[in-house]
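**Q** Sequence:
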Amino acid sequence: MVTLGILIALVVIIAVYFIATQRSLVMTKENIANAFSQIKVSQQSRFDALTELAKATKSYSEYEYKTLMEVISKRQSSNDVKGIENNEEILRNLSGRINALAENYPDLKASETYKETMQSINKYENTVRTSRMVFNDTVTIYNRKVKQFPSSLVASVLGYKAEDYLEMDDSKSDMPNLEY
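Per the numbering used here, residue 16 is the first one in the sequence shown, and the count goes up by one each step.
Watch out, some of these pointers could steer you wrong.
Calculated cross-link-like contacts (lysine-lysine; reagent style BS3-like; alpha-carbon spacing at most 25 Å) [as the list claims (entries may be wrong)]: (1) Lys97 - Lys138; (2) Lys55 - Lys44; (3) Lys162 - Lys176; (4) Lys138 - Lys70; (5) Lys44 - Lys160; (6) Lys138 - Lys73; (7) Lys44 - Lys130; (8) Lys160 - Lys176; (9) Lys70 - Lys162; (10) Lys97 - Lys44; (11) Lys89 - Lys73; (12) Lys81 - Lys70; (13) Lys81 - Lys130; (14) Lys176 - Lys97; (15) Lys89 - Lys138; (16) Lys44 - Lys176; (17) Lys176 - Lys130; (18) Lys44 - Lys89; (19) Lys89 - Lys176; (20) Lys73 - Lys44; (21) Lys70 - Lys44; (22) Lys73 - Lys130; (23) Lys130 - Lys70; (24) Lys55 - Lys70; (25) Lys176 - Lys55.
Bear in mind the hints are in silico, worked out from the structure with no lab data behind them.
Construct all of the structure, not just a fragment, from the sequences and the given hints.
**A** In structure tokens form, the structure reads like this:
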């Protein structure tokens, strides 16, 4: 009788641990999705600001305007880490082109629209940087749960797998100079 009681208690403890671990994995996975969404929103805000800045260049150079709008149109739907990283590359390229254009047209650089938009872009750059850090921190927490024993057993049974980090290689780690 005592053995049966111990066996039942052990089954209950294992079931409670299994349920608690599953809930923790779901919560952390949702936090990853939220952080990823924040990055997408920040990227969209930067694209919007850069589009407005590109429109401001139209009165200075129709060719430059068309070139900038062509670069903007290359952005992709960011439903995975690779899409976010590709959009980051497009944003860096676009920022560099706008900076070069501003150097060629001092009146553009002195315009109030340019100054305000560059301030917005700098704000969005900081937001994206913070969102990337939150995303990677959340992925770290999740990956630990998926890989560490005994929660790895629950994760394996339920099909949870490690997530990818947002990474930047050394050639992309420097933010373009957006000073005006």
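**Q** Taken at face value, is the distance from the CA of Lys176 to the CA of Lys44 at most 25 Å?
**A** Distance ~10 Å between Lys44 and Lys176 Cα, so the pair holds.
**Q** What's the verdict on Lys176 and Lys97, does the C-alpha distance respect the 25 Å limit or exceed it?
**A** holds (17 Å)
**Q** Compare the distance between the alpha carbons of Lys89 and Lys73 with 25 Å, and conclude whether the hinted pair is satisfied.
**A** holds (19 Å)
**Q** For the pair supplied as a hint, Lys73 and Lys44, confirm whether the alpha-carbon distance does not exceed 25 Å.
**A** Status violated; Cα separation ~44 Å.
**Q** Take the C-alpha atoms of Lys176 and Lys55, compute the straight-line distance between them, and say whether it is at most 25 Å.
**A** Holds, because 23 Å separates the two Cα atoms, which is no more than 25 Å.
**Q** Please verify whether Lys70 and Lys44 have alpha carbons no more than 25 Å apart.
**A** With a Cα-Cα distance of about 39 Å, the restraint between Lys70 and Lys44 is violated, given a limit of 25 Å.
**Q** Quick one, are Lys81 and Lys130 close enough, alpha carbons at most 25 Å?
**A** Given that 25 Å is the threshold and the Cα spacing comes to 21 Å, the pair holds.
**Q** Is the straight-line distance between the alpha-carbon of Lys44 and that of Lys160 25 Å or less?
**A** Holds: Lys44 and Lys160 sit about 11 Å apart, inside 25 Å.
**Q** Does the structure keep Lys70 and Lys162 at a Cα separation of 25 Å or less?
**A** violated (49 Å)
**Q** Are the Cα atoms of Lys73 and Lys130 separated by 25 Å or less?
**A** With a Cα-Cα distance of about 16 Å, the restraint between Lys73 and Lys130 holds, given a limit of 25 Å.
**Q** Would you mind confirming whether the straight-line C-alpha gap from Lys89 to Lys138 stays at or under 25 Å?
**A** holds (23 Å)
**Q** Can you confirm whether the C-alpha distance between Lys44 and Lys89 stays at or below 25 Å?
**A** violated (29 Å)
Checked against the numbered hints above, the structure violates hints 7, 9, 17, 18, 19, 20, 21; every other hint is satisfied.
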